[in-house]
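Q: Listed here are the chains, written in short residue letters.
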Amino acid sequence: MRSDPADYELIAPGTLQAVVALLADEPGKWVPIAGGTDLMVLYAAGKLPARKLVSIWNLAGLRGIEVSPDEITIGAGCTYTELREHDVIAREFPLLASAARWTGGIANQNRGTLGGNIVNASPAADSLPALLAYEAELILVSVRGERRVPYVGFHTGYKKMRLAPDELIRAICLRRGFSGHLHYSRKVGARNAQAISKVCVAALGRLGGGATGGVIEDVRIALGSVAPVPLRLTEVERIVSGKSVDEELVQLATKAVAAAIQPIDDIRSTARYRAAVAGNLVAEFLEQLGDSGKPA
Amino acid sequence: MSYSSEGRSKDRGKDDRGKCALSLAINGNPQTVRVFPMERLLDVLRNELGLTGTKEGCGEGECGSCSVLMDGKLVNSCLVPALQAASANLTTIEGIAEGSQLNAMQAAFLECGGAQCGICTPGMILSASHLLSKKTDPTLDDIREALAGNLCRCTGYMQIFEAVVQAARRRTGV
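Residue numbers (numbering that gives the first Met the number 0), protein chains in the order written: chain P, 0 to 295; chain S, 0 to 173.
In short, the hints are calculated from the structure, not lab data. Don't take every hint at face value.
Here are the simulated BS3-like pairs of lysine-lysine, each with C-alpha atoms no more than 30 Å apart in a straight line [to be verified]:
id	chain 1	residue 1	chain 2	residue 2
1	P	K254	P	K158
2	P	K242	P	K158
3	P	K242	P	K254
4	P	K51	S	K134
5	P	K51	S	K133
6	P	K254	P	K293
7	P	K293	P	K158
8	P	K28	P	K159
9	P	K51	P	K159
10	P	K46	P	K28
11	S	K134	P	K46
12	P	K28	S	K18
13	P	K28	P	K51
14	S	K133	P	K46
15	P	K254	P	K159
Heads up, incomplete: computed chain S residues facing chain P, CB under 10 Å, no partners named [unchecked claim]:
id	residue
16	D14
17	R33
18	P36
19	G56
20	G58
21	G60
22	K72
23	A81
24	Q115
25	L139
26	E144
27	A147
28	R152
Don't be surprised by glycine CBs; every beta carbon is placed ideally from N, CA and C.
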């Protein structure tokens, strides 16, 4: 049944400071709402348990993308549109740019935020494998100050995360230096726009030069929609690191993918299909990576 | 043009508790309405302001029928809580025509047969207008992507894409 707006409180304190003060005063009582692309869907369906919401849409303290020589710092309130239109993100972090382009449609990209995608904690979120591959770090803020944590390990289980009730994600940091890598991303779903992924992948790596010519270096492979949380495939990465790409390696890697994931049957797909596709995508990535070392 | 909120004024009194005054500009007209902060912008437009050109399709941000421009950006009004539209400049389908004349996009939809039952049409026109505000000379791929969040179940997409191509051509004088 549809929710009655009279049953809900929504306030907009207007500054980041005022929002974290409110979260500290009544921890766990207020749910932050940014562009509403997830929460308003629950609300409309009468499935939003929270009755007190605090707007963080358009808060200056959560906006903007800062570029420094070593890293970029993305305000958690940045929208998908801002991500996909940003020069440095498009050029140096194409896994994130393509995830932003594949999330929702244009109207949802104008409202959905990267911080919101993290906190919504869907295992199928398109942007999260990219954050794993780039080894993103999160800046969390509360009245107690700020702390910086690696994104890997932030999601601990289905919709569970290491975020205190009085904390907000303020920004997402990505270290630069991937221009020499091969970036590989794929979304497998009914369609790119609106549809949620059956499987999505973000991966990057490069082939070493010099004496170790042609062997895989600095490889990161992350998958969405195949486990209760977005998954970095560290075991697969270990197996392929330092090796040249050949058929045998691809087979070994594909087997390791099957061992690492825990896909389920749900309304969008089946565990069997997801397992097959996940293996095929990792194989395709490795083949492309191997080909990247061959003369054109 | 003025919009009346008389329909709801008799509800004032105890039902008014929890409401706030929301001031915003709609199609260039400054408005103030009393609403619940979590009321969907879509409901404010349709029920409080009588602007029923904006349609409700799915009510969950999938179909684009309720598209409006908020400060020039395309949004699904079913997913915007009213409070977040405070001080915004909104454009709805009612504000697209140039006086009593259809604008180029509306005329192109009419000429190309881009509207049949009409439920998706306001959203299609707003999404297409948003595209042209960002790209004056869009490719067919740009148009398909811009309208990917707008579902049509009867007209068929080809006439709709053709209408956008035609409107874009006219605007760039090609």
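Q: Next step is simple, just say for each hint if it's right about the structure.
A: Okay, the hints, checked on the actual structure:
Between the alpha carbons of P:K254 and P:K158 the distance comes to roughly 28 Å, so the proposed pair stays at or under 30 Å and holds. For a cut-off of 30 Å, the pair hint linking P:K242 to P:K158 is broken: about 36 Å separates their Cα positions. Restraint check for P:K242 and P:K254: satisfied, since their Cα atoms lie roughly 16 Å apart, inside the 30 Å limit. With a C-alpha separation of about 40 Å, the suggested pair P:K51 and S:K134 falls outside the 30 Å cut-off, and the hint is violated.
Between the alpha carbons of P:K51 and S:K133 the distance comes to roughly 36 Å, so the proposed pair goes past 30 Å and is violated. The suggested pairing of P:K254 with P:K293 holds, with an alpha-carbon distance near 25 Å, which does not exceed 30 Å. For a cut-off of 30 Å, the pair hint linking P:K293 to P:K158 is broken: about 42 Å separates their Cα positions. Taken as a hint, the P:K28 and P:K159 pair is honoured in the structure, with Cα atoms around 17 Å apart against an allowance of 30 Å.
Restraint check: the Cα-Cα separation between P:K51 and P:K159 comes to about 20 Å, which is no more than 30 Å; the hinted pair holds. The hinted pair formed by P:K46 and P:K28 meets the criterion: a straight-line CA distance of about 17 Å does not exceed 30 Å. For the suggested pair S:K134 and P:K46, the alpha carbons sit about 38 Å apart, so the restraint of at most 30 Å is broken. The hinted pair formed by P:K28 and S:K18 meets the criterion: a straight-line CA distance of about 20 Å does not exceed 30 Å.
With a C-alpha separation of about 7 Å, the suggested pairing of P:K28 with P:K51 holds against the 30 Å cut-off. Taken as a hint, the S:K133 and P:K46 pair is broken in the structure, with Cα atoms around 36 Å apart against an allowance of 30 Å. Distance restraint check for P:K254 and P:K159: the Cα-Cα separation of roughly 28 Å lies within the 30 Å cut-off, and the hinted pair is therefore satisfied. At its closest, the beta carbon of S:D14 sits 8 Å from a beta carbon of chain P; the interface hint therefore holds under the 10 Å criterion.
Taking 10 Å as the C-beta cut-off, the interface hint given for S:R33 is violated, the closest approach to chain P being about 12 Å. A hinted interface residue such as S:P36 counts as satisfied when its beta carbon comes closer than 10 Å to some beta carbon of chain P; here the least separation is about 4 Å, so the hint holds. Restraint check, S:G56 versus chain P: the minimum CB separation of about 12 Å is more than 10 Å; hint violated. About 5 Å separates the beta-carbon of S:G58 from the nearest beta-carbon of chain P, less than 10 Å, and the hint is met.
A cut of 10 Å between beta carbons decides the hint on S:G60: the least distance to chain P is about 6 Å, and the hint holds. Given hint, S:K72 at the interface with chain P, holds; its Cβ is 5 Å from that chain's nearest Cβ, closer than 10 Å. Proximity of S:A81 to chain P holds as hinted, the smallest CB-CB distance being about 8 Å (cut-off 10 Å). Contact between S:Q115 and chain P, as hinted, is not supported at the beta carbon level, the nearest pair being about 21 Å apart and thus beyond 10 Å.
With a cut of 10 Å, the hint placing S:L139 at the interface with chain P is violated, because the nearest CB-to-CB distance is about 15 Å. The restraint placing S:E144 at the interface with chain P holds, with a minimum CB-CB distance near 7 Å, inside the 10 Å limit. The criterion of a C-beta within 10 Å of any C-beta in chain P is met by S:A147, whose closest approach is roughly 3 Å, and the hint holds. The closest approach between the C-beta of S:R152 and any C-beta of chain P is roughly 14 Å, which is over the 10 Å cut-off, so the hint fails.
The structure does not agree with the numbered hints 2, 4, 5, 7, 11, 14, 17, 19, 24, 25 and 28 stated previously, though it agrees with the rest.
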